[in-house]
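Undergrad: Using the sequences plus the hints, can you model the full thing?
Residue numbers (our numbering), protein chains in the order written: chain A, 3 to 145; chain B, 8 to 229; chain C, 44 to 340.
Think of the hints as simulated: they come from the structure by calculation, not from any bench. Model, not experiment: these values are computed from the prediction. Beta carbons are placed, not taken as given, at the ideal position from N, Cα and C, and that holds for glycine. Be aware that one or more of the hints could be misleading.
Unchecked claim - A partial selection of chain A residues facing chain C, derived with a Cβ cut-off under 7 Å:
#, residue
1, R22
2, A104
3, A105
4, L119
Stated by the list, open to error - Not the full set, but computed from the structure, chain C residues with beta-carbon under 10 Å of chain A:
#, residue
5, E72
6, I75
7, S214
8, A215
9, S221
10, V240
11, A312
12, D323
13, L324
14, S337
To be verified - Ranges between beta-carbon positions, derived for each pair:
#, chain 1, residue 1, chain 2, residue 2, range
15, C, P81, B, A117, 56 to 62 Å
16, C, D326, B, Q176, 46 to 52 Å
17, A, E48, C, W308, 40 to 46 Å
18, C, R269, A, Q89, 46 to 52 Å
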Amino acid sequence: MLLYRYNNTLRHSHGGQMFRHIDPRSPTPLYAQIANRLRVAVATGELAPGASLPSVRQLAAEVRVNPATVVQAYRELERDGIVDSRQGAGTFVRELAEPKRAAERQREAVRLVRSLLAEASALGLTADDLGQAWKRESGGGGR
Amino acid sequence: MWTMLKQVLYAQWLASRTPVVLLALLGFALPLFAVYWGSGLEAAGTAGVAVWMAGSESIAALLPYLALLVGVAAGFMAWSPDHAGHHVYALSLPVPRPLFVALRFVVGAALSCVPAVALLAGALIAGLSVSLPDGLHAYPFQLTVRFLFATLTIYSIIFALAIATRRAQLLTAGIIGGVLFADVLLAALSVDYSVTSQVLLWLTVWPGPLSILGGSWALFDV
Amino acid sequence: MSYAIETHGLRYRASRTFEIRDLDLAVREGAIYGFLGPNGAGKTTTIQLLLGQLRPHGGAIAVLGRRVPKDLPEILAEAGYVPERPHLYPYLSVREAIRYHAAFYRSFDAAYADELLGNFRLPGDQRLSRLSKGEMGKLHMLLVLAQRPRLLVLDEPTDGLDPVVRRDVLSALLAFCSQRAATVFISSHLVHELERVCDWVGLLDLGRLVAEMPMEAFKNGIKRIRLGRAPAATDERPFELVSRDAGAGGETWVVRGWQPAMVQWFSGAGGEIREVEDLDLEDGFVELLRAARSRGA
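TA: What follows is the structure in structure tokens.
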């Protein structure tokens, strides 16, 4: 499968790949999807403490969403203490204590499992089916 | 303001440079033909001069037609780029409509002067390149001015027609058609009168607007 | 609250069979407003009326706080327009077209135009008649953005463009909007594209405005409910019933203004819900159109 390399002069390393799962169709508002993705990135260390988030302009253009959406996402992250926005300098990831980061990871894991369970039940799969599949897949170590 | 004029002029030049250059070449060449029609002015004697004069005048008589051609071409070309795009671009620019019309008019008039300038150059060269017998003079400036007036008159009329509303254009076409039809009718009824000739007479004899095309056009005269 | 575009009772009769009627648009300043509707709904005609290209047969139009057509030159100085069909002079080169355009706008930013020329990788010396559709689309966007306008009116700006060009064009537009709180009025029949970008949506069908609301309200509020048993007939519903279909397995309702707590109302009214389905923008759009047409017919 050919992966098209989006070549633009914004030269930002994150945007295109990090937010490729943004789904405007999902019931979760776009700003929440963006904020959640950034939250997880911070929790797993993908975004290191002190790292700068892309500017509103860059992110809006790369992900192709309304700038107001990006502003809202950043504001939510700031409110939750994940990032710091400094006038003129940009938005930066805060130093988060390990317990807080672990809590974020936990939240994301719960969210994944919840959606897995919902989908499984809609298809009529039992917990046993899921358990067997889990053993098989996670044991193999594939990604 | 000047930037706008400059850009409109440049764009108009790009759109219409081929016809303008061709017409200018024609304007430049005609006076030279008027001189070199026939040969050996000096050796000819009085009768020869008369023949040469007649030939020269017949070439010069083509000039009003050239003026007509330049005026019509310039008038149509002034609006053809906008016409092609249904005037969408021009109407979306932050220029009041009357100002834009004025810009187009000035630019079109400027371009229609180019053949006149070429005519002047040709006429001057023609005048200098021949030694006229006593009593005959060359009138390059007068000829050019006359040409310029004729061109601009025709240009203004066609420009106005091209920008006129559909209704006005149809009205004009209707009047022309009506005149021609009247003549056909009169001929069928064996009436010895021509509406067309009468109308042309009104237009081309002073103070008719097209009178400038009439009269005697000559580069060389007494 | 200031409005970038406002119309009251706008009316225009294009032909015996097609008329724009009672059009009351309200586009807030700073919004990215998606003007949606099927082909033939009258989107292009409306835009032409808004920018004074057509004269209305009734109603009032105000753009950027000024009356159309009275103050048209002042409005156009601050508005960028990309029409549906190519309208620039085809014999100009790209650079010449930029210079021509620049002469008419005091706010034109030549440096920004150059930057976009590079970003879009447009051939500066190529004649417009030789440009591909994608390159022409990019040039249109370049010209209106370089004007640094307060309002952008875009009529199907990405129609017929390949996905790569569409991204480039939208990215440039959004980058501009981030820096300057410009209002964008973008008409399209391509619903998917506008989903992520617009925060307001207006839906036009057969010359009438069927709906106008914030995008979130449009997306989240509309659901398709599959019923096992319909509730007792009642006029008092906490939501708006857009359409109702009887099927083999039970009824399907499409509702607007749905909240999760309303499930209780359903069971209280004797109904049984099998499934509540999210409708994406396109489906919601289709349902609203269907309902509007059956109402109006």
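Undergrad: Each of the hints needs a verdict: does it hold here or not?
TA: Verification of the hints:
1. R22: Violated. Min distance 13 Å.
2. A104: violated (30 Å)
3. A105: At 26 Å from the nearest chain C Cβ, A:A105 fails the 7 Å test, so the hint is violated.
4. L119: violated (17 Å)
5. E72: Result: violated, 13 Å to nearest chain A Cβ.
6. I75: Holds. Min distance 5 Å.
7. S214: holds (4 Å)
8. A215: Given a least distance of 7 Å, the restraint on C:A215 holds.
9. S221: OK, holds: C:S221 within 10 Å of chain A, min 4 Å.
10. V240: Holds. Min distance 5 Å.
11. A312: violated (24 Å)
12. D323: holds (4 Å)
13. L324: This hint holds: C:L324 lies near chain A, its Cβ roughly 7 Å from the closest one there, short of 10 Å.
14. S337: Violated, because the Cβ-Cβ distance from C:S337 to chain A comes to roughly 26 Å (cut-off 10 Å).
15. C:P81 to B:A117: 56 to 62 Å: Distance hint for C:P81, B:A117 is violated at roughly 48 Å.
16. C:D326 to B:Q176: 46 to 52 Å: Cβ of C:D326 to Cβ of B:Q176: about 50 Å, so the range 46 to 52 Å holds.
17. A:E48 to C:W308: 40 to 46 Å: holds (44 Å)
18. C:R269 to A:Q89: 46 to 52 Å: holds (51 Å)
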